[in-house]
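Residues per chain, in single letters:
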Amino acid sequence: MTERLRDIVRRISRPLYSNARLINYYWQRTQRNKLAVFGLAFIIFLVLLAVIGPFFTLDPTAVNFEEKNMPPVGFTIEQSVYNIETDEFTTKEIPGTWRHPLGTDSKGRDMLAMIVSGARVSLLVGLIATGIAIILGTIIGVLSAYLGGWADNALMRFTDVMMTFPFFLLLVLIVFIFGPSLVFIVLAIGLTGWTGTARLIRSEALSLRTREFVMAAKALGASDNRVIFRHLIPNVISLIIIIATLSIPGVILAEAALSFIGLGDPTVSSWGIILEAGQTSLNTAWWVAVEPGIMLFLTVLAFNFLGDGLRDAFDPKSNV
Amino acid sequence: MGKSWLRDYLLKRIFYSIIIAWGILTITFVLVRVGPGSPADKYLANIAARGQDVSQVIAAIEARYGVDKPIFQQYADYMGNLFQGNWGWSFSTSMPVIELIKTHWIYSFQLILLSSLFAAFLGVLIGIYSAVKQYTKVDYAFTFFSFIGISIPNFWLGIMLILVFSVKLGLFKTYYDTTLPLFSLDNLKALVLPVITLGTGMLAGYVRYTRSAMLDNLRKAFVTTARAKGLPERTVIGKHVFRNALLPLVTIIMFDLGSIVFGGAYLTEIIFGIPGLGQISFNAIFANDYPVVVAVTIIGTFIVLLVNLVTDVTYTYLDPRIRYD
Amino acid sequence: MNTVDNAILKVSNLKTYFFTRRGIVKAVDGVDFELRRGECLCLVGESGCGKTVTALSILRLFDSPPGKIVDGQISYNSLDLAECSSKQLRQIRGKDIAIVFQEAQSALNPVLTIGDQIIEQIKLHLPLDHGKARDRTMTLLNEMGIPSAEGVMSYYPHQLSGGMKQRVLIAMSLSCNPQILIADEPTTAVDVTIKAQILDIFRELKAKRQMSTIFITHDLAVVAEIGDRAVVMYGGKDVETAPVSEIISNPKHPYTSGLIECLPDVSKTADRLASIPGTTPNPLEMPQGCAFHPRCPKAMKICKQQEPPEIIISKEHKVSCHLYT
Numbered sequence: 001m002t003e004r005l006r007d008i009v010r011r012i013s014r015p016l017y018s019n020a021r022l023i024n025y026y027w028q029r030t031q032r033n034k035l036a037v038f039g040l041a042f043i044i045f046l047v048l049l050a051v052i053g054p055f056f057t058l059d060p061t062a063v064n065f066e067e068k069n070m071p072p073v074g075f076t077i078e079q080s081v082y083n084i085e086t087d088e089f090t091t092k093e094i095p096g097t098w099r100h101p102l103g104t105d106s107k108g109r110d111m112l113a114m115i116v117s118g119a120r121v122s123l124l125v126g127l128i129a130t131g132i133a134i135i136l137g138t139i140i141g142v143l144s145a146y147l148g149g150w151a152d153n154a155l156m157r158f159t160d161v162m163m164t165f166p167f168f169l170l171l172v173l174i175v176f177i178f179g180p181s182l183v184f185i186v187l188a189i190g191l192t193g194w195t196g197t198a199r200l201i202r203s204e205a206l207s208l209r210t211r212e213f214v215m216a217a218k219a220l221g222a223s224d225n226r227v228i229f230r231h232l233i234p235n236v237i238s239l240i241i242i243i244a245t246l247s248i249p250g251v252i253l254a255e256a257a258l259s260f261i262g263l264g265d266p267t268v269s270s271w272g273i274i275l276e277a278g279q280t281s282l283n284t285a286w287w288v289a290v291e292p293g294i295m296l297f298l299t300v301l302a303f304n305f306l307g308d309g310l311r312d313a314f315d316p317k318s319n320v
Numbered sequence: 001m002g003k004s005w006l007r008d009y010l011l012k013r014i015f016y017s018i019i020i021a022w023g024i025l026t027i028t029f030v031l032v033r034v035g036p037g038s039p040a041d042k043y044l045a046n047i048a049a050r051g052q053d054v055s056q057v058i059a060a061i062e063a064r065y066g067v068d069k070p071i072f073q074q075y076a077d078y079m080g081n082l083f084q085g086n087w088g089w090s091f092s093t094s095m096p097v098i099e100l101i102k103t104h105w106i107y108s109f110q111l112i113l114l115s116s117l118f119a120a121f122l123g124v125l126i127g128i129y130s131a132v133k134q135y136t137k138v139d140y141a142f143t144f145f146s147f148i149g150i151s152i153p154n155f156w157l158g159i160m161l162i163l164v165f166s167v168k169l170g171l172f173k174t175y176y177d178t179t180l181p182l183f184s185l186d187n188l189k190a191l192v193l194p195v196i197t198l199g200t201g202m203l204a205g206y207v208r209y210t211r212s213a214m215l216d217n218l219r220k221a222f223v224t225t226a227r228a229k230g231l232p233e234r235t236v237i238g239k240h241v242f243r244n245a246l247l248p249l250v251t252i253i254m255f256d257l258g259s260i261v262f263g264g265a266y267l268t269e270i271i272f273g274i275p276g277l278g279q280i281s282f283n284a285i286f287a288n289d290y291p292v293v294v295a296v297t298i299i300g301t302f303i304v305l306l307v308n309l310v311t312d313v314t315y316t317y318l319d320p321r322i323r324y325d
Numbered sequence: 001m002n003t004v005d006n007a008i009l010k011v012s013n014l015k016t017y018f019f020t021r022r023g024i025v026k027a028v029d030g031v032d033f034e035l036r037r038g039e040c041l042c043l044v045g046e047s048g049c050g051k052t053v054t055a056l057s058i059l060r061l062f063d064s065p066p067g068k069i070v071d072g073q074i075s076y077n078s079l080d081l082a083e084c085s086s087k088q089l090r091q092i093r094g095k096d097i098a099i100v101f102q103e104a105q106s107a108l109n110p111v112l113t114i115g116d117q118i119i120e121q122i123k124l125h126l127p128l129d130h131g132k133a134r135d136r137t138m139t140l141l142n143e144m145g146i147p148s149a150e151g152v153m154s155y156y157p158h159q160l161s162g163g164m165k166q167r168v169l170i171a172m173s174l175s176c177n178p179q180i181l182i183a184d185e186p187t188t189a190v191d192v193t194i195k196a197q198i199l200d201i202f203r204e205l206k207a208k209r210q211m212s213t214i215f216i217t218h219d220l221a222v223v224a225e226i227g228d229r230a231v232v233m234y235g236g237k238d239v240e241t242a243p244v245s246e247i248i249s250n251p252k253h254p255y256t257s258g259l260i261e262c263l264p265d266v267s268k269t270a271d272r273l274a275s276i277p278g279t280t281p282n283p284l285e286m287p288q289g290c291a292f293h294p295r296c297p298k299a300m301k302i303c304k305q306q307e308p309p310e311i312i313i314s315k316e317h318k319v320s321c322h323l324y325t
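Protein chains in written order, with the working numbering: chain Z, 1 to 320; chain G, 1 to 325; chain F, 1 to 325.
It should be emphasised that the hints constitute simulated quantities derived from the structure, not laboratory data.
Mixed in with the good hints, there may be bad ones.
PhoX-like mimics (lysine-lysine), calculated; alpha carbons at most 20 Å apart, straight line [unchecked claim]:
id: 1; chain 1: F; residue 1: Lys-132; chain 2: F; residue 2: Lys-95
id: 2; chain 1: G; residue 1: Lys-133; chain 2: F; residue 2: Lys-68
id: 3; chain 1: F; residue 1: Lys-10; chain 2: F; residue 2: Lys-95
id: 4; chain 1: Z; residue 1: Lys-68; chain 2: Z; residue 2: Lys-92
id: 5; chain 1: G; residue 1: Lys-133; chain 2: G; residue 2: Lys-239
id: 6; chain 1: F; residue 1: Lys-206; chain 2: F; residue 2: Lys-195
id: 7; chain 1: G; residue 1: Lys-168; chain 2: G; residue 2: Lys-189
id: 8; chain 1: Z; residue 1: Lys-34; chain 2: G; residue 2: Lys-137
id: 9; chain 1: F; residue 1: Lys-123; chain 2: G; residue 2: Lys-239
All figures in this text were calculated on a predicted structure; none of them were measured in a lab.
Take these sequences, add in the hints, and give me the full structure.
Given below as structure tokens:
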């Protein structure tokens, strides 16, 4: 069984990696787009941050009320401190320090540490949930196109129903019912986000079947298997890559939004949760709201740039 | 030209929508029943936490919700109840769910309507301009900003707007004032930040779609023909090119409306304290008041269904190339 | 050659360049010809020789960011069309000078009815109300041999056959009684029967309306059928100009002779069709000297170095070739 699986994977990827020239060609075209390169660079930076960052930062869960609400380096903020003995409020100027380069939150936790650990969460959720959604969507799409007839009909009606649900509302419902643990959140996002992929893959698979180059291959005597693996799949793979790149930001935002409204996993410090805390302390500690937001924004932006650049490289005729 | 085919198509499409509607309700039912615990559990947890006696309440709930009945009976009851307008009882607010919805939907409606209009008008105009001026600095600037617009998390945007305009600059109130009459200027002012929050993402999307649709058509041969006839450029763009771009655009806009807007509206309402359907769903979550959450989900989905139906039929009517005889 | 008095349009040293990212494309690089009243002048050459761009240049219809008329004059009615204002140009387009494009399906706006498109042009240039414009359109369509003109007016382009579409295009171009009609390869994208019909239409136009026509084609057979005079183009320049009978019986330029030889002769048996060796030059990398020299069977040393001057063979016949210096 695993032998067969390995064989299939090798055969699917062979057209891609054995054709290094092709990969290089696509890479050259992607490179032309400076924004896409910036996107990729940021993503790599983020991955590094998530993987090795936690080793270099303070403990994100360390609470320290003495150092609460400190601003980031370079900023100074006025805090009023209540002195029990004199029953007075005195205002003190608290500057940011390099010990907490991004400041601290209302419980004295180091912002930088929390942001870094949040990066981990966002990336993990992004990758895994997207992976689930894409695999599910591809299977359904390919199956639907391949089987045709009533199976195709039934699957597409089902897809239609799922697509009609507003993504976020459905997500909220599911997480509400099943509980806000990270596993469920990832599963929920994956199980609700496959519809777009299914549609796209199905239509691509259908159109590929009748395209000239497939007919040409068959006319030259290629077997069905060969046609599928050497011709159909490589074309679908590029589509999948683009879909994946452009889906990840939506997934990351979905998780952040869930955390933001309180349906996130409380044991994990995701950017959304930090943002939620920040909302209530806009007056006293605005950076708690600004920082995770900037990270979310840049991450989404990076994936969008990259996805757009990839799409341009693979199909420059499309005008979007 | 007889339009009977259109009526036939409409009927077919409505029938189809009914099937989808059935699918939606069924899936929702399945989700709720499959979830851990009975529907009463969440409410029970609440009651227990408040130190009240649980056993009587259990009996009442089970009788009311028929949890002991076989699943098909429950399903039938569920469907029956929904059609009769009996959407359950909201524990947390002590009123029938349907009443709750009746009093709050208008806030969601005004928010979504204003944001959509804002985004659609501005987005289409900028998109057209951007397409016509392709490769100029203005085009690059707009394209760049639309990237930013679609990437900015809208809940963060809302908070930032509050931070800058309400907290620091004091131009707007931080919280929506529900005592304001709906058709007043004050109400409009209070909606400025929420509309910008919800509308920006949509706006950026529309700019991109419009630009793309326009570009698809700008280089086509009929545009040169139009110019060759001596038409002024604005007629060429505004009538000839735009009409062709409009068709796929309408579909995309409507589809977007369905899938993205509700999530955004949900968050926007929460941030700004607008008492729309998103807000009541949010409150219900924390009160473990599940009928409300389910009801809001179903409403949102049905609106999407309706919008899809209307768009589909409108598009079929408008595009002269589609004829089903 | 002397300028004859009844020249209605005169193109002198026209140069239209396209400034692209990959370099400057000299699509038209010094073209001279004149169109006389009532004649059918053919611009002949392979694809890429610049004939279409020449036609577009007359009405400045090419895409203007990359394209620009860098030199030359186009004299019509004491106006220089290369330099006049957009407003003046628009008054001439569709009214004094009309152009018909080759692929009728893409040249017509798919979302407007035939009637709409023609009436639009009529109302733009002529002071007629809607009813009269409609009548005029119907008369035109009838003249073009389109049956049931009234029905056709409410049709959309995709509902018509290829031949009908081409007739509609021609009808549209004639709607305001232009003095000059430019036809860009109207017979290229159609099959043989329709080709014959269209040629008939052009013959009639000349006979009945004394229409001055510029007919663009790559097919010498067509030139022989309906042309009065021909301008052979290669590499963006005019290489030979003469009456059609002269060109066919006494071609001077090697390219012209090559084109004539390419015409299949049914009376002879041959194993292969004759063709001119080589391919049209890459517009970004034009050969030095005479653009045709790499493919010319009679190329001499000087052809590689210098561009050939214009030689006057007789009153009506001129050629640009070193063979005749």
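task = Mind checking the alpha carbons of G/Lys-133 and F/Lys-68 for me, to see if they're no more than 20 Å apart?
result = 17 Å, holds
query = Taken at face value, is the distance from the CA of G/Lys-239 to the CA of F/Lys-123 at most 20 Å?
reply = Between F/Lys-123 and G/Lys-239 the Cα gap is close to 15 Å, so the pair holds against 20 Å.
key: Given hint G/Lys-137 paired with Z/Lys-34 - CA-CA distance at most 20 Å   = 16 Å, holds
Pairwise hint evaluation, F/Lys-195 against F/Lys-206, where the allowed Cα distance is 20 Å at most = Holds. F/Lys-206 to F/Lys-195 sits at ~17 Å (cutoff 20 Å).
request  = Compare the distance between the alpha carbons of F/Lys-10 and F/Lys-95 with 20 Å, and conclude whether the hinted pair is satisfied.
outcome  = Since the Cα atoms of F/Lys-10 and F/Lys-95 sit roughly 18 Å apart, the hinted pair holds (cutoff 20 Å).
inquiry  = Given the hinted pair G/Lys-168 and G/Lys-189, is their Cα-Cα distance within 20 Å?
reply    = 18 Å, holds
ask   = Would the pair Z/Lys-68 and Z/Lys-92 pass a check requiring their Cα atoms to be no farther apart than 20 Å?
value = Holds, at roughly 13 Å.
ask   = Within a Cα-Cα threshold of 20 Å, do G/Lys-133 and G/Lys-239 meet the stated pairing?
value = Holds, at about 17 Å.
ask   = Would the pair F/Lys-132 and F/Lys-95 pass a check requiring their Cα atoms to be no farther apart than 20 Å?
value = 17 Å, holds
This entry satisfies every hint, going by the numbered hints stated previously.
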